[in-house]
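Let the hints inform the model, and build the full structure from the sequences given.
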Amino acid sequence: MRDIEKALALQPPGDSSALAERFAARAAEEGLIDIAYTVEDSPVGPLLLAGTKRGLVELGYEGEAELDSYLSRLAAKVSPRVLEAPARLDPVRRELDEYFSGKRTEFDVPLDWSLTRGFTQRVLRATAKIPYGHVSTYREMASKAGNERAVRAAGNALGANPIPIVVPCHRILRTGGSLGGYGGGLPRKEFLLRLEGALES
Amino acid sequence: MNGRADAPLIWRRPTRILGCPAHISAMRSVSQTVSLPPFQAFLDAQRETVFRYLVAMIGPNDAEDVFQETFISALRAYPRLRPDSNLRAWALTIANRKAIDFVRSRNRRPLPVEEVPEVPVHDGRPSESGDVWAAARDLPASQREALLYRFAADLPYSDVAAALGTSEEAARQRVSEGIRQLRKAMA
Numbered sequence: 036m037r038d039i040e041k042a043l044a045l046q047p048p049g050d051s052s053a054l055a056e057r058f059a060a061r062a063a064e065e066g067l068i069d070i071a072y073t074v075e076d077s078p079v080g081p082l083l084l085a086g087t088k089r090g091l092v093e094l095g096y097e098g099e100a101e102l103d104s105y106l107s108r109l110a111a112k113v114s115p116r117v118l119e120a121p122a123r124l125d126p127v128r129r130e131l132d133e134y135f136s137g138k139r140t141e142f143d144v145p146l147d148w149s150l151t152r153g154f155t156q157r158v159l160r161a162t163a164k165i166p167y168g169h170v171s172t173y174r175e176m177a178s179k180a181g182n183e184r185a186v187r188a189a190g191n192a193l194g195a196n197p198i199p200i201v202v203p204c205h206r207i208l209r210t211g212g213s214l215g216g217y218g219g220g221l222p223r224k225e226f227l228l229r230l231e232g233a234l235e236s
Numbered sequence: 070m071n072g073r074a075d076a077p078l079i080w081r082r083p084t085r086i087l088g089c090p091a092h093i094s095a096m097r098s099v100s101q102t103v104s105l106p107p108f109q110a111f112l113d114a115q116r117e118t119v120f121r122y123l124v125a126m127i128g129p130n131d132a133e134d135v136f137q138e139t140f141i142s143a144l145r146a147y148p149r150l151r152p153d154s155n156l157r158a159w160a161l162t163i164a165n166r167k168a169i170d171f172v173r174s175r176n177r178r179p180l181p182v183e184e185v186p187e188v189p190v191h192d193g194r195p196s197e198s199g200d201v202w203a204a205a206r207d208l209p210a211s212q213r214e215a216l217l218y219r220f221a222a223d224l225p226y227s228d229v230a231a232a233l234g235t236s237e238e239a240a241r242q243r244v245s246e247g248i249r250q251l252r253k254a255m256a
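One line per chain: the protein sequences are A and B, in this order. Going letter by letter, the first sequence gives residues 36 to 236 in the numbering used here. Going letter by letter, the second sequence gives residues 70 to 256 in the numbering used here.
Treat the hints with caution; some may be incorrect.
What the hints assert, rightly or not - With beta-carbon atoms standing in for the labels, derived distance ranges:
1) P121(A) <-> E133(B): 16 to 24 Å
2) S213(A) <-> L150(B): 48 to 56 Å
3) A122(A) <-> A210(B): 39 to 47 Å
4) A210(B) <-> E65(A): 31 to 39 Å
5) G234(B) <-> A195(A): 47 to 55 Å
6) Y167(A) <-> L150(B): 41 to 49 Å
7) R241(B) <-> G218(A): 50 to 58 Å
8) A195(A) <-> S154(B): 27 to 35 Å
9) R178(B) <-> K88(A): 34 to 42 Å
10) L150(B) <-> P121(A): 24 to 32 Å
Hints listed in this document are in silico derivations from the structure and should not be mistaken for laboratory results. Quick reminder that beta carbons are idealized off the backbone N, C-alpha and C, glycines included.
Here it is in structure tokens:
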């Protein structure tokens, strides 16, 4: 009986990972992907890029362990139709390449703010307007978002920025000029500020 | 598959969770209620099982197309799925329905006499498993289903029993009777 059992349990002919990739292309054609994502290498480490039909919804600094929690959060908060489908992120990848090679000072890709609300979103929208090479303060962002005394809340809002780099929360420093904090870690903040010429090398 | 189309597999809710994705716990830290995993995780966790099931049920040549139909259909319905559903059972239910649809339409399609459609195409793939499954398609439905769940979907006997709506003892009997019949057929 073992011989028949062995034959029945043999691995299937073909490779379902290739089928899964073809599936992603077909799903994109049929407009069934609510969130397309890809992971892209960059000078500040691998970046998770996730886009809805409206625009870039999340840019995540990635350690392997984080990918699952990013995607699970997107599935829970935006839509569970999440698929690895790099094509939608091509414009974002191109702009990031140009930014990291010093050829781009402003991002033009559309953004999807679904992961933020209220005060947080107002702080981040104000942050998005700080020009390349310039810096601002937590206090000023709090004031632009409509409550100049909510400095700590502004700090929290920036720490929760779902689209760092493109929404340049690295350009926000403490009032005295010290670096303050950064969700991706201070070395990344320093790197970005140096790249933009806002910090002495 | 003949006669099978009128008696599609009905999944009785299995008694324990199959293929529970590892990141369910990560999702709980995001929100208190359990959410569906990202579709990519569902696809990665179920694609191998679904493909094996389809290859066993309709053969390797047609399994690839039905695989696409299965997951497109799953993706359409996914946001409406209850988060506590048995994802493997759900995926196999769709695969089974799509395979039955496929066989029905294949049987309706008029074929030119010159064509000999049932001869397997040799495309360098291992054929031993394919031969056994081709023979399994002639078994009585109850035995074939038991073999599909046990070997193609690789379910443990407790879940084969749940899927068939029988006791584990009866599931084991159907599987071993199926294997006995296959040995006879292939001798």
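Which of the listed hints are not met by the structure? Of the numbered hints given earlier, the structure breaks none, since each of them holds.
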